[in-house]
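With chain C fixed as given, assemble chain Z onto it according to the hints.
Protein chains: 2
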Amino acid sequence: MRSLITSLDLARHYDAEDPLGGRRALFEIPEGVTYLVGHSLGPLTRSAAARADRALRQEWGEGMVRSWNSAGWIDLAGEVGDAIAPLIGAAPGEVVVCDSVSVNLFKLAGAALPLARKRLVMVDDHEFPTDQYIAEGLAELAGGEVRRLPAGEEGYGEGGVLIRSVVSYRSGEIVDVAAAERRAREAGTVIVWDLSHAAGAVPLNLSADGARLAAGCTYKYLNGGPGAPAYVYAAEAFAEKLSSPLPGWLGHAAPFAFDSGYTPAAGVQRFVAGTPPILSLSALAGALEAFEGVSPSALHGKAGVLGDIVLQRAEGMGLAASSPKDRSKRGGHVSLSHEHGYAVVQALAEEGVLSDFRTPDTIRFGLSPLFLSAEEVWGVMDRLEDILRTKRYEEARFQVRSKVT
Amino acid sequence: MRSLITSLDLARHYDAEDPLGGRRALFEIPEGVTYLVGHSLGPLTRSAAARADRALRQEWGEGMVRSWNSAGWIDLAGEVGDAIAPLIGAAPGEVVVCDSVSVNLFKLAGAALPLARKRLVMVDDHEFPTDQYIAEGLAELAGGEVRRLPAGEEGYGEGGVLIRSVVSYRSGEIVDVAAAERRAREAGTVIVWDLSHAAGAVPLNLSADGARLAAGCTYKYLNGGPGAPAYVYAAEAFAEKLSSPLPGWLGHAAPFAFDSGYTPAAGVQRFVAGTPPILSLSALAGALEAFEGVSPSALHGKAGVLGDIVLQRAEGMGLAASSPKDRSKRGGHVSLSHEHGYAVVQALAEEGVLSDFRTPDTIRFGLSPLFLSAEEVWGVMDRLEDILRTKRYEEARFQVRSKVT
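Read top to bottom, the protein sequences are chains C and Z.
The first sequence begins at 1 in full-length UniProt numbering and counts up by one.
The second sequence begins at 1 in full-length UniProt numbering and counts up by one.
Just chain C, same shape as in the assembly (with noise of 0.2 Å):
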């Protein structure tokens, strides 16, 4: 890492020649907060605001039960997840909205075990601790062996499935979709990727990396909304080899004809399980509207240069991190150390920049670039510096912490 912006002026000249600038009037941020917890819960866009009202009072409110055809809602999981596909390198159709990122990855896993060349379901021991969890009642229920991989060891070459997700929740780091998938496919192993802290940060190519099966979360950098539903995707091809165990009425072929018997929709479609949370997808549907005409690596780009100004100032601070110098390597967030990090948060808080804390020592910078301006970032790190130098958040008493991650 080597910031290109070492100044403020320098700051204020990349954000006048910075394409996605206009962006951030399509946001609702409140006056006097500089938020850095996008990576945890992405703002609220005026898209998203437009959408859920409409969805509230004219859908529900006045359609009734006939928005479920006039509204589109029948097909809505559908099109969000085609809105979804860009971003993370997939067709359209091979991506679908529903439930929660737990829920998800244990159908994926669950439909994949089968196809995997052992029972075997391995997570690393460090991954974001509901993919371990589900890894552990999955492989109960499922009558496998679970495998936690303590750092290092990367399972590709077990022959079981595999949890991973793609950006580290807590160093940010990014794996190699492609070589994984390729190590993975020779030796019977088959990957659920869990994209919640890459989408909408970091560009990911889905299809040509060869992935087979991801989930995602959509209330981070997607800014879908608080607990929006998540998101599933199967590569096309793979997809029909799939069983679903949690085969739900709208992941029926015909979901009308009530029939007795299960018969899977097409593709990815299948994973959709019981009716989705109408108003909450309406909101991520309105959210999504905001990356129209915006490339990942655009976002990948601006996250990374953002990071190089915390990074280096970080580095003068004599603060200790985490997260991979090399922007490449990087996803949308940035870690930090600090033996008060908790407090270090709230003092920053009081001060009108949102940041989280994991523990035990954690700092962590979420940069989304879709509403974030180098000279806020700089401005964030003046104010640290000065909260470093004076101290003051042994004072710090306004709590805020962010509850998710």
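Mixed in with the good hints, there may be bad ones.
The calculated DMTMM-like cross-link candidates involving lysine to aspartate or glutamate, where the alpha carbons are at most 25 Å apart (straight line), are [claimed, not checked]: (1) Lys118(Z) x Glu136(C); (2) Lys118(C) x Glu136(Z); (3) Lys241(Z) x Glu140(C); (4) Lys329(Z) x Glu376(Z); (5) Lys241(C) x Glu136(Z); (6) Lys241(Z) x Glu145(C); (7) Lys118(C) x Glu145(Z).
From the derived model, a few chain C residues whose C-beta atoms are all more than 10 Å from chain Z [as the list claims (entries may be wrong)]: (8) Tyr14; (9) Gly21; (10) Ala49; (11) Asp176; (12) Asp259; (13) Ala298.
Pair by pair, the computed Cβ-Cβ distance ranges are [stated by the list, open to error]: (14) Arg392(Z) x Pro114(C): 46 to 56 Å; (15) Glu145(Z) x Arg24(C): 28 to 38 Å; (16) Gln58(Z) x Arg389(C): 28 to 38 Å; (17) Glu292(C) x Pro19(Z): 48 to 58 Å.
Quick caveat, the hints were computed from the structure, so don't treat them as lab data.
Beta carbons: idealized from backbone N, C-alpha and C, even for Gly.
The following block gives chain Z in isolation, referenced to the frame of chain C:
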């Protein structure tokens, strides 16, 4: 069935004395619509709209990620569960809102399997389809047997896990929960009740009846909104014996410790998996305000009176009914048969009366007692009589088809 209401005057008299009559003003039902589809998607209430607006604009828009604490999002699933509890005869802390009915049935039946005498999943062959598919998916993954029970075979004595609706989605017939639980316990059978067509329309006494596990939907009689999240009930003492096969991070005893190992939260809270859809959940929280101070017995009593009007007048028109004539054995909807049922439903819709159709010939009238009046239902039967007499259903073209039961 012998309806007490045999004239428009008597209907008006009933309404004038109806203690639930004032609740209609809580709803935002469009002018000119008579809504007999509350058993499919309940209408918007003012309180649901207000609560959803607040969640969108103030909580997400202004509070942002801080709202997990400051707006109480983190406790909302349990709080809304507690608001549902009195409607189903459960104690506070025995109900939590999460996921869809399909996913919840899977979690509960999967958790019940190790406690049943046999690794067997049973479901009626005329049960709501998603319940049948989930039973099959679970048995397949867990290496158990699935058995579909033909009409008349109750399965309580079989020693497996049984998924059963308290109110049939077709006929509206009510099952005797207490008697079923007595027989099931003797035989080592665990019943997972589906309350979808019951809650909000019939009195449920889960605790008193000895029910151990149940799931249900909130967008029918509870008016929670399209695809509003479902709920799980687990009897307090029983819950502690259960492991959810989908152990998500919000069902962990200490979600923010980010432990690698899963320790279930106390009681039913362990069945929460991923992050709940807050906008949809907030609308549901608001919708339930309309039930404050209402007893389920009063709801069922009124639904029975309204159903009696329909059945008695239908008999006069020569229409067959598949619903029980005894209102104490009938849920909130009544089902009539007509060979051109679909066209009849369309003809009614042309005149502002929304109802729904189920193959092959079933017309369903949902008699939501919270917002319908006897006069309205009397008027519906006038229209139906006229449509049948003039056969103007033959020209019905306006398509209204309920997409979600």
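Exercise for review: Give me the numbers of the hints this structure contradicts, sorted from smallest to largest.
Suggested key: 10, 12 and 15
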